[in-house]
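Since the structure of chain A is provided, determine the placement of chain D on it from the hints.
There are 2 protein chains.
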Amino acid sequence: MSSLAVDYARQNYPRFLDELKALLRIPSVSTLPEHKGDCRHAAEVLGAELTRIGMEHARLIETAGHPLVYADWLHAAGKPTVLVYGHYDVQPPDPLDEWLSPPFEPTERDGNLYGRGADDDKGQVYSHVKALESLLGANGKLPLNVRVLLEGEEEVGGEGISRYVASKPAELKADFALVSDTELFAPDLPTLCVGLRGMIYTELEVRGAKTDLHSGMYGGAAPNPFIAVAQILAKLKDEDGHVLIPGFYDDIIPPSPEELAAWKSLPFDEEQYRIAEVGSRTLVGEAGYSVLERTWARPTVDVHGIPGGFTGAGAKTVIPAKAVAKVSMRLVPGMTTTKAFALYKSYVEKIAPAGVDVEVRLISAGDPCLIPVDNPYVRAATLALHEVWGKDTVFIRSGGSIPIVGDFDRHLGIPSVMMGFGLPDDNIHAPNEKYRLKNFALGIESIIRFLEEAGG
Amino acid sequence: MSSLAVDYARQNYPRFLDELKALLRIPSVSTLPEHKGDCRHAAEVLGAELTRIGMEHARLIETAGHPLVYADWLHAAGKPTVLVYGHYDVQPPDPLDEWLSPPFEPTERDGNLYGRGADDDKGQVYSHVKALESLLGANGKLPLNVRVLLEGEEEVGGEGISRYVASKPAELKADFALVSDTELFAPDLPTLCVGLRGMIYTELEVRGAKTDLHSGMYGGAAPNPFIAVAQILAKLKDEDGHVLIPGFYDDIIPPSPEELAAWKSLPFDEEQYRIAEVGSRTLVGEAGYSVLERTWARPTVDVHGIPGGFTGAGAKTVIPAKAVAKVSMRLVPGMTTTKAFALYKSYVEKIAPAGVDVEVRLISAGDPCLIPVDNPYVRAATLALHEVWGKDTVFIRSGGSIPIVGDFDRHLGIPSVMMGFGLPDDNIHAPNEKYRLKNFALGIESIIRFLEEAGG
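Residue numbers (numbering that gives the first Met the number 0), protein chains in the order written: chain A, 0 to 455; chain D, 0 to 455.
Extracted from the complex, chain A is given alone in its bound form (with noise of 0.2 Å):
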């Protein structure tokens, strides 16, 4: 491999270190009031890295939340133009007397980098950050057109953010997309991600009386809205975990045949995942589709909550007047948000039980989306991960949803090369959230050669 950046990258690579670790001693927890001023300090700080290793134009983007940052660099005439998204917020770090080392002070361990948002995503973001002053410092230019956009609100929502890209503003227009927000299959094993759920966030009320009753004077003559909410949500899928909602699977397109097969040659134990990661008796869901098929290509339905009524310890004879289902959906290929919901407002409406009263609202949706992995941009991804990382890469899909990517493509009308270098144990969300030192480092080279090979 010869390629100046990367040779750049390797040489400074303590320092990129050190200043990851600088970032990552910036609370940016964006869903908590008291941090709102360390997420305007993220964003200044990576606005004024971006100026300093030669991106032009870069500014904050303000919105109803945290701000956005943008750079650019547009000089490479005739090359195609990429859109390098992250986000430079992080989750909370509770509960903190889990933590080995404190969230907020990075710490080197077993060559991990352990730290909050280590992983997801400043890692990840600061690898395209240092792949483009490798590139810039090394050649003095940029080998396509790039435009830079993260953002501060990935964690709650990305609100800010879907508004920008919805607006279609000229800054934004580019060829293609570069997510780096998800993770390789298994260590060592370079991945794209190619497919996302959809979802459908939903909340199901179900009143009863017009005020909470005894359930000693009442119980058996007024309508009770947690059994009948518990009725309706018996009905939504069978024990077997079909679906029940007439017409929820019509639309689905089911992944080829050849997608299944490189599926099924992943290196990946059905039993080893119940026990270190689920953790549950059995696994449960459709019979005949594999867990990976469950997760990342079949829609499924999930109960998150249901609050009201009495929760405290001990006893309270209430039958109380409502119950709130938090309800979602996943949603697959061929299955629209739009569609999805309706099918299940009308089927709700349809099988609530006598005496309540049932509403079904949307809280958030996003469309499933699928990248087609014959376009020269994931070619490139592939020539240059296996020259990383030597070996052919593994495409998968997550169950998740990433609602940017499929904003890119609906109002910017272009894909997203999904290629990011988490691991599965990488504990985002959770204690001890690390990132792995390798992965930094071949992060930044896997960043360079793939725009070096994008750019042709």
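Copies of one chain are not kept apart here, so a pair can be met inside one copy or by any two copies together.
In silico BS3-like links for lysine-lysine, alpha-carbon gap of 25 Å or less:
#, residue 1, residue 2
1, K234, K344
2, K315, K344
3, K315, K234
4, K315, K35
5, K234, K349
6, K338, K234
7, K172, K140
8, K321, K234
9, K338, K315
10, K20, K437
11, K390, K263
It is worth saying that the hints were derived from the structure and are not from the lab.
Remember, predicted model here, so these are calculated numbers, not experimental data.
This is chain D only, laid out in the frame that chain A set:
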């Protein structure tokens, strides 16, 4: 009606009412630690008043919580002994802003006395004290032997008195109990409550994965405890309100044809009840049973809340590791708490869906009870009530549970006469609690005449 004691009560009624107001000004809210002193103060005031009117051996009996008040007068040789029960603690007054006059500043309005505890149970307790004063003041003696036992924890579970009664102290030896914590079925309709439903209150815990999981990553493979708990709850009761636990109904002793016929003649309109009291779209429950049968003489299952999981605003995509449903069952005569719990527990364990562990915990239990109406005390009560109210007494049941009645039966072997003078719209446990002034006056006269009749 020629009773010196009734004359005494009528002459002293204005003072009785002033004294009740003073008692109502003591905010003896048993559940709030900051009112611990107020609870003791109320107990001391009642103990001192019992001594002042001529009762003997008045003293506070300490418990782990608020003290009991005891007093007796045992000089009616050859006469039966009555154990008079009531409670001096009250519910919290929240929500305060819905009160038209301050909860602890008793206020007369529209023929009612408004204030927390006016009905439940200070107004009723004080009727007993003033009936005893009237009898002692007019005659220098009581027509039968009297023991008074008041508690200060009725609104928080009544553990202290329950333990004390279970210890079967010689101090409580009596022939019957007089419990004034119930209500008239309708205004001016003399009423005795002769049956109570029992209850088991349980927690049903369902555990899936070892920790909370991301519903995107794991949805479709990891068990969802909220869906599992919904599936279980949906199988406890069908949509017609019929409980599906095998054997649940086996031991029920149905009301006699006479009792059922009497209920049919009560002034009760189901549609009016639905609109005014429940306010739901329809009433629910087992087909073929009237509302009074369903709430008085049929067992049922209610769910009070399902703590756990995500209950905040907005969306959090979590598959919670566990869910806990607060489930209670009302039991009717013939059923026992022990058997009902055992049937429920083994049924839940049998129907639990794959992938989850279930645990069923008993939180509290009280057996149902049915008071025989063919005893001299009930006859004395109906005679007294007819004299005071000019009407025949109706015998009703209550769907609720008054555990002390079961304790008196089980531990002391005595029946209870449940003669109360509240009204269905007295707003007990709610803002603007009231007690009808007429009922305070006639309640005292009813108790006087009842004790005179019971003394033969």
